[in-house]
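S.K.: Put the two chains together into one complex; each comes in its own frame, and the hints tell you how they fit.
For the record, the sequence lines run as chains A and B. Under this note's numbering, the first residue of the first sequence carries the number 1, and numbering increases by one thereafter. Under this note's numbering, the first residue of the second sequence carries the number 1, and numbering increases by one thereafter.
What the hints contain is simulated information worked out from the structure, not anything from laboratory work. Worth double-checking, as some hints may not be accurate.
When the alpha-carbon atoms are kept at most 27 Å apart in a straight line, the in silico DSS-like pairs for lysine-lysine are as follows [stated by the list, open to error]:
| no. | chain 1 | residue 1 | chain 2 | residue 2 |
| --- | --- | --- | --- | --- |
| 1 | B | K57 | A | K49 |
| 2 | B | K71 | B | K57 |
| 3 | B | K57 | B | K9 |
| 4 | A | K68 | A | K58 |
| 5 | B | K14 | A | K49 |
Chain A is nowhere near these chain B residues, computed Cβ spacing over 10 Å in every case [claimed, not checked]:
| no. | residue |
| --- | --- |
| 6 | S7 |
| 7 | A61 |
| 8 | E103 |
| 9 | Q108 |
We treat Cβ as the ideally placed atom computed from N, Cα and C, and that holds for glycine.
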Amino acid sequence: AQSVTQLGSHVSVSEGALVLLRCNYSSSVPPYLFWYVQYPNQGLQLLLKYTTGATLVKGINGFEAEFKKSETSFHLTKPSAHMSDAAEYFCAVKNDMRFGAGTRLTVKP
Amino acid sequence: DGGITQSPKYLFRKEGQNVTLSCEQNLNHDAMYWYRQDPGQGLRLIYYSQIVNDFQKGDIAEGYSVSREKKESFPLTVTSAQKNPTAFYLCASSIDWTGANTEAFFGQGTRLTVV
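Okay, chain B solo, but in the shape it has when bound (with noise of 0.2 Å):
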């Protein structure tokens, strides 16, 4: 089956410690993006990918890095910069940046809690 998976769905990390977050898709979409959700801030941008080997930061990129080496694969690690990082992270990705058809599909999210 098609789609997009994150793991883990709980992840534990102690305070100073980097902690990296995982994005596959099968779905051969060249566009996908990490957001991190609040409760009663919605979906926040943290870094976009348009493209394989290309990326951008989004609106609350400080504290976040990601890599796009490969197509399916957009992996998210969280910084010991980073100094809120217990939040619900949710990947998704498009068929493309540009078309009509570019409406998001979602992963079940990962679930931070920093210890």
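Extracted from the complex, chain A is given alone in its bound form (with noise of 0.2 Å):
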């Protein structure tokens, strides 16, 4: 079986501030896992990926994450924060698409 935890339902930062949103799963096979954004109102849509090879995955946006399977973790950052950012992020793993229950993040100006 595989699911994924994200850790804190509401994350706040400042405009320019780093973003860490956190993910970590667990998996009795070598996982692929994906994080996803949602707008209001909208569908979600991929920022990145990980499936094989390098660890440190970048995405559309700015983003990108690492994966670390020491910590069964994948953390998704990006160096600095835009208001256009504040949306809802979903963290996946392949094969059950079951998501976490998602993270709000807030850009104060």
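M.R.: Pasting the structure below:
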């Protein structure tokens, strides 16, 4: 069985500050991991994914995530937050297509 | 343009009525999914289909039914047995179920309100 846990249902940062959204997974096999973003009243869109190879994955809008097997983590980061980054973010693991509970990111001016 | 289309965007239903939410994709994807989203609860999997003419229950299938008679279409029926149907419903598809490229492509959602 596979599952993901997102730590923190709500994260608030100032514009220009580092964004860190946490995701831990449990999996009995090497996982494929995804981060999605959802803007209000819309569907989700893919930010980035890890399948195999390089453990640091770069995605759209300046986001990146690092797969750390020893920590079973796949945290999402962005060096400098923009107001347009305010949204809900979901971590997911392949094969059962279950999602984490989501983290709402608020960016303060 | 290829994509996944959900209709309608907003839907109102009287208590005790069944209602069907449409989901169509022209991406030639084998796998399709239905999720329910409530405030503060993330996405919960209702049903999924790995291939045409096959589907499986997800975590919250009670009160819902689906069909997958065509590859492009995966309609969801919310029956009167669903006790709290008011929610935002999302349909998604992916190339397949088992490959590495199984990221999901989502529709824009249908907001169902029971009145």
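S.K.: Measuring Cβ to Cβ, find out whether E103 (chain B) lies farther than 10 Å from everything in chain A.
M.R.: 5 Å, violated
S.K.: Quickly compare the C-alpha distance for K57 (chain B) and K49 (chain A) to 27 Å and report which way the hint goes.
M.R.: 26 Å, holds
S.K.: Is the straight-line distance between the alpha-carbon of K57 (chain B) and that of K9 (chain B) 27 Å or less?
M.R.: At roughly 24 Å apart (the allowed maximum being 27 Å), K9 (chain B) and K57 (chain B) satisfy the hint.
S.K.: Against chain A, does Q108 (chain B) keep a CB gap of more than 10 Å to every residue?
M.R.: Q108 (chain B) is in fact no farther than 10 Å from some Cβ atom of chain A, at 5 Å.
S.K.: Check whether the Cα positions of K71 (chain B) and K57 (chain B) lie no farther apart than 27 Å.
M.R.: With Cα atoms ~18 Å apart, K71 (chain B) and K57 (chain B) stay inside 27 Å; holds.
S.K.: Holds or violated: is the Cβ of A61 (chain B) farther than 10 Å from all Cβ atoms of chain A?
M.R.: Correct as stated: the minimum Cβ-Cβ distance to chain A is 14 Å, above 10 Å.
S.K.: Minimum C-beta separation from S7 (chain B) to chain A exceeding 10 Å: can you confirm that?
M.R.: Given a closest Cβ separation of 13 Å, the condition holds.
S.K.: Can the restraint linking K68 (chain A) and K58 (chain A) be considered satisfied, given a maximum Cα separation of 27 Å?
M.R.: 15 Å, holds
S.K.: Starting from K14 (chain B), check that the Cα of K49 (chain A) is at most 27 Å away, please.
M.R.: 41 Å, violated
Hint check: violations occur at hints 5, 8 and 9; the rest are consistent with the structure.
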